[in-house]
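Enquirer: Whole structure, please, built from the sequences with the hints as guidance.
Chains A and B supply the protein sequences, listed in that same order.
Every position in the first sequence, counted from 1, becomes a number in my numbering once 11 is added.
Every position in the second sequence, counted from 1, becomes a number in my numbering once 117 is added.
The hints are simulated quantities; they were obtained by calculation from the structure and are not laboratory data.
Keep in mind that a hint or two might mislead.
From the structure, some residues in chain B lie toward chain A, with a derived Cβ separation under 7 Å [stated by the list, open to error]:
#, residue
1, T437
2, R438
3, L441
4, D455
5, V458
6, R460
7, D470
8, L481
Every value quoted in this text rests on a predicted model; they were computed, and no experiment measured them.
For glycine and all other residues, C-beta sits at the position ideal for the given N, C-alpha and C.
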Amino acid sequence: MSEHTDGGDGTPVNPSVPTTARAAPESPVPESPVTATGATPAAARKGGGISAHALLNAVLEGNSAVVTFLAIVSAIVIGGLLIAFTSPVVLHAWSKVFSHPATAFSQAWTIAASAYSAMFEGSILNPHTVSAAFHGGSTAAIFNPLSETAVNATPLILSGLSVALAFRAGLFNIGATGQFIGGTMVAGWIGFAVHLPVVIHVVVAVIGGFAGGALVGWFVGDMKARTGAHEVIVTIMLNYVMEFLLLYLLGLTVFRQPGRTDPISPSVAANATLPHLAGSNLRINAGFLVALAAAGAVWWLLNRTTVGFELRTVGANPSAARSAGMSPERTWVVVMMIAGGLAGLAGASVVLGTDFQLTPQIYGTYGIDAITVALLGRASPGGVVLAALLYGSLHAGGIQMQAQTQIPVDIVTVIQALIVLFVAAPPLVREIFHLRRRGAGEGGQLLAQGWGS
Amino acid sequence: MRGITKRFGSLVANDSIDLTVEQGEIHALLGENGAGKSTLMNVLYGLLQPDEGQILLDGKPAVFHNPGDALAAGIGMVHQHFMLVPVFTVAENVMLGVERTKFLGLLDRRRARKEVLELSNRFGFALDPDALVEDIPVGIQQRVEIVKALHREASVLILDEPTAVLTPGETEDLFRIMRELKASGTSIIFISHKLKEVQEIADRITVIRRGAVVGSPPVTATDEELATLMVGRAVELKVHKDPARLAEVILEVDGLRVEDATGRAAVDGISFEVRGGEIVGIAGVQGNGQTELCEVLLGLQPVKAGTIRVAGRDLTGARTRTVLESGVSYIPEDRQEDGIVERFSVAENLVLDVYNRPPYASGLSLHLGAIADGATKRMAEYDIRATSIGMPVGNLSGGNQQKVIVARELSRDVRLLVANQPTRGLDVGSIEFVHHQIVAARDGGAAVLICSTELDEIYALADRIIVMYEGRIAGIRPPTVSIGELGLLMAGAGTSDAPVEAQPA
Numbered sequence: 012m013s014e015h016t017d018g019g020d021g022t023p024v025n026p027s028v029p030t031t032a033r034a035a036p037e038s039p040v041p042e043s044p045v046t047a048t049g050a051t052p053a054a055a056r057k058g059g060g061i062s063a064h065a066l067l068n069a070v071l072e073g074n075s076a077v078v079t080f081l082a083i084v085s086a087i088v089i090g091g092l093l094i095a096f097t098s099p100v101v102l103h104a105w106s107k108v109f110s111h112p113a114t115a116f117s118q119a120w121t122i123a124a125s126a127y128s129a130m131f132e133g134s135i136l137n138p139h140t141v142s143a144a145f146h147g148g149s150t151a152a153i154f155n156p157l158s159e160t161a162v163n164a165t166p167l168i169l170s171g172l173s174v175a176l177a178f179r180a181g182l183f184n185i186g187a188t189g190q191f192i193g194g195t196m197v198a199g200w201i202g203f204a205v206h207l208p209v210v211i212h213v214v215v216a217v218i219g220g221f222a223g224g225a226l227v228g229w230f231v232g233d234m235k236a237r238t239g240a241h242e243v244i245v246t247i248m249l250n251y252v253m254e255f256l257l258l259y260l261l262g263l264t265v266f267r268q269p270g271r272t273d274p275i276s277p278s279v280a281a282n283a284t285l286p287h288l289a290g291s292n293l294r295i296n297a298g299f300l301v302a303l304a305a306a307g308a309v310w311w312l313l314n315r316t317t318v319g320f321e322l323r324t325v326g327a328n329p330s331a332a333r334s335a336g337m338s339p340e341r342t343w344v345v346v347m348m349i350a351g352g353l354a355g356l357a358g359a360s361v362v363l364g365t366d367f368q369l370t371p372q373i374y375g376t377y378g379i380d381a382i383t384v385a386l387l388g389r390a391s392p393g394g395v396v397l398a399a400l401l402y403g404s405l406h407a408g409g410i411q412m413q414a415q416t417q418i419p420v421d422i423v424t425v426i427q428a429l430i431v432l433f434v435a436a437p438p439l440v441r442e443i444f445h446l447r448r449r450g451a452g453e454g455g456q457l458l459a460q461g462w463g464s
Numbered sequence: 118m119r120g121i122t123k124r125f126g127s128l129v130a131n132d133s134i135d136l137t138v139e140q141g142e143i144h145a146l147l148g149e150n151g152a153g154k155s156t157l158m159n160v161l162y163g164l165l166q167p168d169e170g171q172i173l174l175d176g177k178p179a180v181f182h183n184p185g186d187a188l189a190a191g192i193g194m195v196h197q198h199f200m201l202v203p204v205f206t207v208a209e210n211v212m213l214g215v216e217r218t219k220f221l222g223l224l225d226r227r228r229a230r231k232e233v234l235e236l237s238n239r240f241g242f243a244l245d246p247d248a249l250v251e252d253i254p255v256g257i258q259q260r261v262e263i264v265k266a267l268h269r270e271a272s273v274l275i276l277d278e279p280t281a282v283l284t285p286g287e288t289e290d291l292f293r294i295m296r297e298l299k300a301s302g303t304s305i306i307f308i309s310h311k312l313k314e315v316q317e318i319a320d321r322i323t324v325i326r327r328g329a330v331v332g333s334p335p336v337t338a339t340d341e342e343l344a345t346l347m348v349g350r351a352v353e354l355k356v357h358k359d360p361a362r363l364a365e366v367i368l369e370v371d372g373l374r375v376e377d378a379t380g381r382a383a384v385d386g387i388s389f390e391v392r393g394g395e396i397v398g399i400a401g402v403q404g405n406g407q408t409e410l411c412e413v414l415l416g417l418q419p420v421k422a423g424t425i426r427v428a429g430r431d432l433t434g435a436r437t438r439t440v441l442e443s444g445v446s447y448i449p450e451d452r453q454e455d456g457i458v459e460r461f462s463v464a465e466n467l468v469l470d471v472y473n474r475p476p477y478a479s480g481l482s483l484h485l486g487a488i489a490d491g492a493t494k495r496m497a498e499y500d501i502r503a504t505s506i507g508m509p510v511g512n513l514s515g516g517n518q519q520k521v522i523v524a525r526e527l528s529r530d531v532r533l534l535v536a537n538q539p540t541r542g543l544d545v546g547s548i549e550f551v552h553h554q555i556v557a558a559r560d561g562g563a564a565v566l567i568c569s570t571e572l573d574e575i576y577a578l579a580d581r582i583i584v585m586y587e588g589r590i591a592g593i594r595p596p597t598v599s600i601g602e603l604g605l606l607m608a609g610a611g612t613s614d615a616p617v618e619a620q621p622a
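Expert: Here it is, written out as structure tokens:
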């Protein structure tokens, strides 16, 4: 009988859980919308946001790496079906499925396969460039897809870290967009309006980007700490404020390119641009290194410092944090400053690394993508880097796919949305792949990571 | 239930357990935390599937794949942690899951309301079907859970540690309800580790230890017999302690006033002292200002008036961190809410309020090695049963969670220990352990202030008893005081203007 021990997925079932009265929360009762009322008054009294913590728990512990991987696979498969069955050629072939069934299937396969191979060529490696290089072509071209992936991933890593860090402190940072804009404004302004020597200029501009985002983040944290204003509301509203502030600034002479009437700033000085890492033909720049360093710094902060310990405690149980002498309010302010600063760095990486000018739409969808990147990366620095690289490659590949196959790049957005959908609904993925529900041991693994073991 | 076996990995949570419940009896399931009581009940309720054995209902084998099956078969369960929606009314909570609808899918609220009232009147529940669940006390919420089960026509009712969250008065009410239900033919499985309650209410007792049935003592068995059976060794129900050796005054509280959110005085002008080497027990019915008093001493509530001095240092209105760093240790009332972070490891929880002090940190940097070493030592010293120091504390039993808190708070230099309900919800073995540790802290020269609603605990530990009633001191008595006199003081009768000092300084 000893072989009947635990789940088929090899996840160890934690021995102690079921023996205690606390086994119930691990059981498959549909209890997520139902809060244990016994705990509610105490939590409400101490201002803890129950739903935010429930979501944080779900993000941190709800998905195993296997589920995340399968979510991505599912999204890509469904994306492929969508690509195939929105193509007129395929639809035409399927209208004759009974007379020529083979054609119908092969057409669908061909379209989807060509779309994905174009995406692969745009984001990882294009075989044509390799053969061209052997015949005297440019070697840089071989690495162009990877460079594009890194360039697209850079702001996503930084803004994803911003959201993830706030998550760990129990805060929803929906305001990466506003903080991103704060960063672009300061970094951009330092870039084109101030004249400093080489190296120093770009460093000052990057720090300025951090400061600009941190200022916006600080405001959110301070509002929450002082007045209890919910950060979700404040950050969403601040996004609008910052978007229109950017538009307003670009209307001023100081921020407008001389001789232009449209809202575009002057280009940043050459000294202030992030240096290329692999020659001027590839767009990959020092911003990518800044992003990786930031991920390392966030990991260190979370797992190796007293500030990180406070942050994680406040995120996991604010009233226990208070009883242990920590100040959740102070932590909120500090966390939002750092989170804002990270989103500001993302802004700096765009304005100093790829765009070189402030434009009204410079913030793109980075702030919103950041949330999905943080979710997909399970709010851990390493996970955020991987998730951002995946999204970066989807972006880079999507552009190539549109150029090669005329399939609209929007399909990438659909795939992204599907990934998030599957990640947000682990039971769905488990059902599709007949996975057994994980044991409690996994939360322990995540925590063990916290100890760097 | 016949030969139920449930394994989790290598651990056997239930080892071929037989349990028979007759109609209309209260069957107590007695055992320490982690003995396997809840696992057995979760099997019965369809939350877990047994590896071996079967469940027989009226002689016929029954298989429950989920709680829905169990409910349909007439088995209802009231969990320790209630499953209610706070923002719904009582009636809405009861109808949840079995909503009846009218024309166009409209909810038939009126009928649900009527049914709740009927059940409530029949068993004397005194429930207001229109009250919001978040507004009613825990004891009443529990009745809502019971009504929920009865509404689904449960003939077997499982109550999982129902008294853990109740005040003594509420417990009495619950027992009255249980007797009413029994009289109407409902069978009740009563899970508990409180000996007195089991003796009072049960018709039959089954004791479980380490997943196996170790005995079915008669209801006339004594405390000692039950405890010995439950723990597997002789247990000291009384705490042995030497007379207090009084040292200098450590805690001085003068004219202290704390107000709640509405401006009502929760602690109303209290003055007292605690000396080094003595345990002062604060007795009182729950909600008479004990929690606020403990929290204000720790700087967790604002001081409205009065002063707090610890070892001569004025700590009135000081931040919690300052208080902790002045040598105050704190065992909070709500273990899981205030004492530990369930998701954190044992090691992390052991440094929850000292993580920023040497040797665990210097400057910004945490010293993981020192934290791990400390944790390994504490686990051995305080007999914390966890598989590793990296195990999440949420996966430990309540007793072991409390040991983590006690280990953290007592393994540093303690001048003053403030403990609020330090043994609530713990099994006999763990209570014994915690009490020994508290007495050891006293003998080490610390001043100890204990709030407890359990008079047994007050009598066992206190060198001096302060009774609180409505935020004031109703009286200070020596531990030789009669239980009748304490009861009167706790009820607010006979408030003496000149409190008697138990041990003249």
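Enquirer: Look at each hint and say if it fits the structure.
Expert: Here is how each hint holds up against the structure:
The closest approach between the C-beta of T437/B and any C-beta of chain A is roughly 4 Å, which is under the 7 Å cut-off, so the hint is satisfied. Hint status for R438/B relative to chain A: holds, with the closest Cβ pair at about 3 Å, below 7 Å. Evaluation of the L441/B hint against chain A yields a held restraint, the C-beta minimum of about 5 Å falling below 7 Å. Below 7 Å, beta-carbon pairs count as interface contacts, and D455/B has one with chain A at about 4 Å; its hint therefore holds.
For the restraint placing V458/B at the interface with chain A, the shortest Cβ-Cβ distance is roughly 4 Å, inside the 7 Å limit, so the hint holds. Below 7 Å, beta-carbon pairs count as interface contacts, and R460/B has one with chain A at about 5 Å; its hint therefore holds. For D470/B, the suggested interface contact is upheld, since its CB lies about 4 Å from the closest CB of chain A, less than 7 Å. For L481/B, the suggested interface contact is upheld, since its CB lies about 5 Å from the closest CB of chain A, less than 7 Å.
Hint compliance for this structure: every hint is met.
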